Amino acid sequence: MQNRSVKPIVILFVCLVVLSFMPFIIDPGSYKYLYNIFFIVNVTVLLATSWNILGGFAGQISFGHAGFVGIGAYTVALLHYHLQWSPWLALPLAGVVTLLAAVIIGSIAFKLRGPYFALSTLALAEVTKLIAEGWRSFTQGTQGVVVSPGPLLSIPSGGALYFVVSLWLAGFGILCALLIKLSKTSYFFLAVGENEDAALSLGINSKKYKLIALYISSFLAGITGGVLSVHTGFIDPSSGFDMVHTVEPIFLTMVGGIGTVLGPVIGTVLLVPVGEVFRSHFPTAHLLLYGIVLVVFARFIPKGIMGLFRKKKI
Amino acid sequence: MITSIIINGILIGLIYALLAIGLTVIFGVMRIINMFHGEAVMLGMYAAFVLFDKFGISPYISVFLTAPIFFVLGSIIYKFLIDPIPAREREITSLIITLGISFIFATSAMYIWSADYRTVTLPFSQDVMVFIKTRIGYPALISSCMSAVMIVGFYLFMSKTYMGRAIRATELDKDTASVMGVNVKWISIATFGIGVVLAAMAGGILSPIFYIYPFVGSNFVIKAFTIVVLGGMGSVTGALVGGIILGVAEALASTFLEYSMKDIMAFILFLGILLFKPSGILGGRTRL
Amino acid sequence: MFFKILSSVLFLLLLFSQVSYGAGTFKIGCPAPMTGPGANFGEKFKKAYTMAADEINAKGGVNGTKLELVFEDTQAKPALAVSSAKKLISSDNVIALLGGWSSGVAFAVAPVALDNKTPYLLEHPALDDITRKNNDYVFRLQPTTGMYSAALEDFILKVVYPKEKKKQLTVAYIYVDNAFGQGVAKYGIIPFFKKNKDKFNLVVSESYNENAMDYKPLLLKVKNAAPDIVVLTSYLTDGILLAKQIKEVGLQAKMFTGTGAGHSMQDIYEKSGKATEKYFSSGPWHGEIKDANWKKWRSAWEKKYKYVPGEHEVEGYVAIQVLAEALKGVKSSDVVKQREELKASLKALNMKTIFGTVKFDNFDGYTNQNKAYKMTAVAQWINGKLLQVWPKEAAEREPAY
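Chains as they are written, first to last, in my numbering: chain A, 1 to 314; chain C, 1001 to 1288; chain Y, 2001 to 2401.
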C-alpha cells in the first residue's frame, strides 16, 4: 500500500480516537437524547456504508438490507434468549450468520443480472421476516424477544458504551469501504457496476466481485442489526425486518453521494439528526420529506453532496 | 371443498394478475422497476372510492373515467423525472426516483383522505351465486371477470394495434424500432402512462372487495413482484399464468398446511423460479 | 469538513435539547401510532386524551399546574416506540408515559419505563405478559387479554350452552398473528375451551397474518368443520374482510363472536356492508353506562367529535383522569422526584371513573394491574349499534340469540 492510501486511514483512525473522548466532554447521563441520536447516526453510517459497498461500488441495488439487519438482530437476540450469551459477544456472530444467508442468496441471485438481484434480495427480506413470524417456538413469533445487554468487560451499558461501540463499528465499516476504494479491487468493482459486458470482455470475473461486495455488505448489515437489538433491548419481526432498514441507507447514500466512501457518512450525519427532530415535531411529514428529497437528488443531483464538492471521489 | 378452493384460487389469481400487469409492462419495455406501483393501485382505489361516495358511480365504470388522468400522471412522471436521466444510469436511478414518489403519494393521500379505512360497499355486496357447489360473492365475481376481460383486452391491444406493436418492437430492440420509424421516446412515455393506468384500474376493480387506506399499496407490491418474476418479466400471458398459479398455490397451501404457510408459498415459488427457470414459466422475454 | 459538519450539527442538537426544559406544566408522554396502519387508532386516543386534558386544564389544571400532552409517532413499531419513549423521558422530561395502543409497543416500552424509573400507564395494550414481569413502574387500568373473554366465557356457559341442548358444542377459533391475538389465544380463549372439554370441542384453531387479502381458504376449512360457535380475534381491516368473506363462502354458525379490538369498532359494521349484524364482541366494556357521568361524557363526545365512542375513547379519556388524580400527590419540582411521587400516588389510588373503579393491585403474578374482570362485557351488533348484552348489570338490551 502506498503513501496515498495510508493517509485517509490515519485520518479515520484519529477521528475515531478523538470522538471516543466525547463522553468525557459531554456527559451522557444528562444528554441521553443526544447520545441516542449519536448512536442512531453511528449505526446508520454503518448501514449506509454497507449498502453503498454493494449498491454504489458494485452497482448491485439491494432491496434486502432489512433482511440482513433482521437476521443480524435475531442472531444476537436468540443467542441471548436460548443460550444466555452476552449480546455483546454475540455481535460478531450476527455478521457471520448474515454472511451465510448472503452466500445462499448470492448463489441464487447472481445467476441473473440487473433487477433480478434487487428483487431476489427483496424476497429474502420477506422470507426471513415470515420465518421469524411463523417459527414461534424458536423466535417467539410476533411477540418478539427481549434482550438485556448487561455490561461489556465490566463497563455498564449506557449512553457512553453504546456511543463508543457504535462509533468504532461505524469506523470499521468506513475502513472496509476505504480499503476497497484504495485497492485495485475498486477498479474491478467500478467496471462491473458500470458495464458488466465490457468488464466480462476484459476478462474480469464479474460474479466474483459482485459476491465479494455482497459478502462484505451483508456482514456489516448483520452487525448493524446485532447492535440495534442490543441497544433497543427488544426485537420483533416488524422492527427487525422493517423496510426502513432498506430505504434509509439508499436515501442517505443517494443524498451524500453514491459510490463514494464519504457520501453515506455525510448523508447520515447531515440528515439523520434533522430527521429525528423533524419526526418528533411533524409526525406525518417526514415521509413526505424523504420522498421529495429522494426524487430531487436522484433526478437533479445524482452524485449527491459529494458530487457538489469535489472531483476526486473518496 | 377442493373444487371451491381451486375456483376461489383462480378468481383471486385473476386479480393478482391484473395487479402485476402494469408492473410487467413497464419493466418489459424500459427495464425499469416501478416502485410506486403499489401507490398507483392505492390512488386508483381512492379515485374509485371518491367517485362512488360523491356521485354514486360504480367502480367498475369509474375506472374507465379516471384512466386518462392516471395516464397523464404516469406520462408526466416519466417525461420529466425519468426520461432525462442518461440511459446508462436509468435502471438504478429510476428505482430510487420511483421509491421517492411512492412516499410522496402515500403521505399525500394521508393528508387528503386521513388515515381512516374506507370501503366501497356496492348495493349487491351481499349477493352470492352458486357455481359448481361454490358460493361466489357478486363483487368478487365481477372484479375477477373484469380483471380477465382487461387482461385479454390488453393482450389484444398489444398484439393487434399499431401502438401495441410499436411498444413490443421497442421492448425487443430499441435501435431497430427507432430505425423502423417508431418514436421510441414517445412510446416509452406512453408505456409508462399505460403501466400506471393499469395499476390504478387494478385498484379501482379491487376497491369493492378490499379496504382502502393510504399505506395499502405495500400489501400488493410483493405479490405483484412475485407474479412478474413467476411469469417472466414483460410478459402479459406470463402475468396471467403466474397470477393464477400463485392464487391456486396459496389457496391449496393454506388449506392443507397451516393458513400462515400461505405467504411463504409465494416466496418458495419466487425463489424456485429464480433458481430453476429465471426467465419465468413461459420462457423468453420476447413472449407477449 | 467532516468535523465542521459534525460540530454544527452538535451545536444545533444542543439547542434543540435545551428548548423543552423545565416549563411549568405536567408533561405526559404519549407514544402513539400517528402514521402507518395503526394511525386511526392513534387518532382516537389523541382525541380522547385531548378532550380530558382540555377539561382539566379549563378548570385550572392539577394543583394549579396544567397538563401538557407530548405526542411521538411510533408507527405501531415496537423498536421505534422504544426510541420515542427514551426521547420523551430524557429530552422532554415527561413525568409519565401513557398508552401506545398496541401490545407489541407496550411490551417493548415497559422495560424502558423501568430503566428510567418513569411511571407508564396502560389504558389499552392488553397482552398479559406486560404486567406479569414484576415491573413496578407499569400500571394497567383496563382488562388484560386473558380477562377480555371473562364476560364471553360467562355468557357462553350460562346462556349459549344450556340453550343448545347438545352434549358438546364445536368451536372454531381464528385469531390474528400478533402480540394481541396471541395473548387472547394463549391466556383467554384456548385455555377456556380446553378447560371445558366436556362441553366444547375446539375443531379449528388457526392464526393468520394481519395483512392477508384472501381468507376464503381458511373459511372454507372452517365451514367444512361445521362449528356451532365461531370465535374471531381481529383488528379492523382483517375483521372487515373476514365478515364479508364469511357471508360469501356461506359459513353459518349458531354464534359469531369477536373479542374486542376490530369487532368493537363502529367501522366494522358499516365497512363490511352490515355483515357483522348479530355478531357478538367481548372485550373491555364501554364504561359504566348506567352512570350519569358516563351519559354526560358520551353526549359531550358525540357533540365534539360527531361519532359514538367505544372502548378506546373511554379508556383514553379515563387514563388522563387517572393520571390527573394521581398527580395531585406530586409536590416536588424535580422531575425525577415527581415520577417517584406519582408512582406512589398511583399505587395508593382508588378511584371511581366512568370506566369503572380503578385500583392497582398485585395478584396472581400480576403487578399494578387493575382487577378489571368486571370491566368486560359482551356486546352485540343489532341494527348497526353495538349494545352491551351481558353481564346482566351492564346490559343495554337482551341478547338476540
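If you are wondering where the hints come from, they were derived from the structure by calculation, not from laboratory data.
Any given hint might turn out to be false.
To be verified - Dumping the calculated DMTMM-like pairs for lysine to aspartate or glutamate here, alpha-carbon to alpha-carbon at most 20 angstroms: (1) K32(A) - D2115(Y); (2) K2274(Y) - E1089(C); (3) K2274(Y) - D1127(C); (4) K2306(Y) - E1091(C); (5) K2047(Y) - D1116(C); (6) K2186(Y) - E1258(C); (7) K303(A) - D1053(C); (8) K1054(C) - D2267(Y); (9) K303(A) - D1083(C); (10) K32(A) - E2393(Y); (11) K1174(C) - D197(A).
What the hints assert, rightly or not - Distance ranges between label pairs, derived from CB positions: (12) W1186(C) - A2225(Y): 35 to 43 angstroms; (13) I301(A) - I1132(C): 53 to 61 angstroms; (14) R136(A) - L1065(C): 44 to 52 angstroms.
As the structure is a computational prediction, the values presented were derived from the model and not from experiment.
Quick reminder that beta carbons are idealized off the backbone N, C-alpha and C, glycines included.
Hints versus structure:
Between K32(A) and D2115(Y), the direct Cα distance comes to roughly 13 angstroms. Compliance with the 20 angstroms bound is thereby established for this hinted pair. Distance hint between K2274(Y) and E1089(C) is unfulfilled; the C-alpha atoms sit about 52 angstroms from each other, more than 20 angstroms. The suggested pairing of K2274(Y) with D1127(C) holds, with an alpha-carbon distance near 13 angstroms, which does not exceed 20 angstroms. Our distance criterion of 20 angstroms between C-alpha atoms is broken by K2306(Y) and E1091(C), whose separation comes to about 50 angstroms.
With a C-alpha separation of about 14 angstroms, the suggested pairing of K2047(Y) with D1116(C) holds against the 20 angstroms cut-off. For the hint linking K2186(Y) to E1258(C), the alpha-carbon distance of about 18 angstroms falls within 20 angstroms, and the restraint holds. For the hint pairing K303(A) with D1053(C), the CA-to-CA distance comes to about 46 angstroms; that exceeds 20 angstroms, so the pair is violated. Distance check on the hinted pair: K1054(C) and D2267(Y) sit about 19 angstroms apart at the alpha-carbon level, within 20 angstroms; holds.
Taking the CA atoms of K303(A) and D1083(C), the gap is near 17 angstroms; set against the 20 angstroms cutoff, the hint holds. Proposed proximity of K32(A) and E2393(Y) is contradicted: the alpha carbons are some 50 angstroms apart, above 20 angstroms. This hinted pair checks out: K1174(C) and D197(A) have alpha carbons roughly 18 angstroms apart, not beyond 20 angstroms. One distance hint, 35 to 43 angstroms for the beta-carbon pair W1186(C) and A2225(Y), is violated here, with the actual separation near 58 angstroms.
For I301(A) and I1132(C), the hinted distance range of 53 to 61 angstroms is satisfied, since their beta carbons lie about 59 angstroms from each other. Checked against the given bound of 44 to 52 angstroms, the beta carbons of R136(A) and L1065(C), roughly 48 angstroms apart, stay inside it.
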